[in-house]
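*Asks:* In terms of our numbering, the sequence shown opens at residue 1 and continues consecutively.
You may find that some hints are simply not true.
Said to hold, decoys possible - Below 20 Å or equal to it, Euclidean Cα-Cα: the simulated DMTMM-like pairs (lysine to aspartate or glutamate) are:
hint: 1; residue 1: 121; residue 2: 64
hint: 2; residue 1: 121; residue 2: 73
hint: 3; residue 1: 121; residue 2: 61
hint: 4; residue 1: 121; residue 2: 169
hint: 5; residue 1: 248; residue 2: 186
hint: 6; residue 1: 121; residue 2: 110
hint: 7; residue 1: 121; residue 2: 74
hint: 8; residue 1: 121; residue 2: 59
hint: 9; residue 1: 66; residue 2: 40
hint: 10; residue 1: 66; residue 2: 110
hint: 11; residue 1: 248; residue 2: 160
Said to hold, decoys possible - Pairwise CB distance ranges, derived in the manner of DEER restraints:
hint: 12; residue 1: 130; residue 2: 164; range: 18 to 26 Å
hint: 13; residue 1: 80; residue 2: 208; range: 43 to 51 Å
hint: 14; residue 1: 218; residue 2: 243; range: 19 to 27 Å
hint: 15; residue 1: 202; residue 2: 125; range: 41 to 49 Å
hint: 16; residue 1: 6; residue 2: 97; range: 41 to 49 Å
hint: 17; residue 1: 125; residue 2: 213; range: 36 to 44 Å
hint: 18; residue 1: 202; residue 2: 70; range: 42 to 50 Å
hint: 19; residue 1: 46; residue 2: 201; range: 30 to 38 Å
hint: 20; residue 1: 102; residue 2: 52; range: 18 to 26 Å
hint: 21; residue 1: 52; residue 2: 257; range: 23 to 31 Å
The hints are simulated quantities; they were obtained by calculation from the structure and are not laboratory data.
Glycine residues also receive a C-beta, built at the ideal position from the N, C-alpha and C atoms.
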Amino acid sequence: MKRDLVGRKVIVTGAARGIGEQVARLAAAQGARVALIGLEPDRLQALAAELGPSSHWCEADVRDSKALQTAIDECAGAMNGVDMVVANAGVAAYGTVRHADEASFERVVDINLNGVFRTLKHATPHLQRSGGHVLIVASALSFTSIGGLASYGASKAGVEALALAYRGEVAHLGITVGLVHPSWIDTDLVRGAEVDIPSFQQMRNRLPYPGNVTTSVERAASAIVDGLAYRRSRVYVPRAVVVANWAKALLNSPLVWPWTRWFSALTIPSLETEVAALGRNDQLVPRFESSGRERSPVSA
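Please work from the sequences and hints to get the whole structure.
*Replies:* Here you go:
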C-alpha cells in the first residue's frame, strides 16, 4: 500500500526553480507541509504564498555551512520537525577539462557534492528524531560521464558514493536514503544550451537511448514525490536510466572505448569551439547551476 505524504514535513533545497519548485508543489498537493530553501527570496516567498500558510521558506546557499544549518534548523522549528529532505540544489557547467576555468570547476563540485554533504550533516539530527527519509538528486551521469561535462559528471559520481556511504552510516538511526538519477530534464539550462551551443543538441541526439531523450520537469518531480511517498532507494527518470546503472561496468570498459573515442572525436572539437565563441570559459548555471548568463537548474 502506498504511503502518502499527508502531514509529512518536507524540506526541499534548490526550491526556487525547476525540479525543486515542482517537487514542492506536488508534495504540498499531496498534503505535505513543505519548507523551501534556495537563493532567490522573491521566488521562494511567492511559492510559499502559493502553497499556503503551512509552508515556510529560507534563503541559504548550500556552500555556506552556517547559513544552511540555520535555515534547516529554522525550517524544522517552523514545521515542528522534519520527516523528509529532498537534496536537490546543484549546478552544471559546460567546458572541457583543458579549457575549464578552475574556479568554475571547483564551484560545481562545491555546490553539487559538498552542498549535499552539508545538507545531510545538518539535517541528520532532525531526521533521526523522525526516522525520516532523504532523497538526493544525483544524475544519470553518476554512472558514466561524457566529454564537456566533466565537472558535473565528477560531482554526481561523488554524490552517489557519498549517499551510499551515508545510507550505511545512518541505517541504525532509522533514517533511509534514496538516490534520484534523472537524464536530461526540460529546464532552461538544457534549452539554453541548445541555443548557445548547437553541437550540444547534436551530441545528445547521437547518444543511445535514454541519453537522447528529454523528460519534462513535471514528470521528474512526480517521480521524486512518488519516491518520497514509497521511501524508495532509487528513482530513475526516465525508468530506462536503470540500464545505465546495471551496465556501468560495461559502459566504462575497454570494450566500449572505441565507440567513446569515436563519439568524442565527433563532438568535442565543435563543442569547444562554440563554448569559446560565447566569450567565456564555460556555462555555469544554478539549480539544481559562469562567468556568463545564468539559467535555471538541470538534472542530467
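*Asks:* Indicate, hint by hint, whether the structure satisfies it.
*Replies:* Each hint tested on the structure:
no., hint, result
1, 121 - 64, "holds (13 Å)"
2, 121 - 73, "holds (12 Å)"
3, 121 - 61, "holds (15 Å)"
4, 121 - 169, "holds (12 Å)"
5, 248 - 186, "violated (24 Å)"
6, 121 - 110, "holds (15 Å)"
7, 121 - 74, "holds (15 Å)"
8, 121 - 59, "holds (18 Å)"
9, 66 - 40, "holds (18 Å)"
10, 66 - 110, "holds (15 Å)"
11, 248 - 160, "holds (13 Å)"
12, 130 - 164: 18 to 26 Å, "holds (22 Å)"
13, 80 - 208: 43 to 51 Å, "holds (48 Å)"
14, 218 - 243: 19 to 27 Å, "holds (23 Å)"
15, 202 - 125: 41 to 49 Å, "holds (48 Å)"
16, 6 - 97: 41 to 49 Å, "holds (47 Å)"
17, 125 - 213: 36 to 44 Å, "holds (40 Å)"
18, 202 - 70: 42 to 50 Å, "holds (45 Å)"
19, 46 - 201: 30 to 38 Å, "holds (32 Å)"
20, 102 - 52: 18 to 26 Å, "violated (44 Å)"
21, 52 - 257: 23 to 31 Å, "violated (53 Å)"
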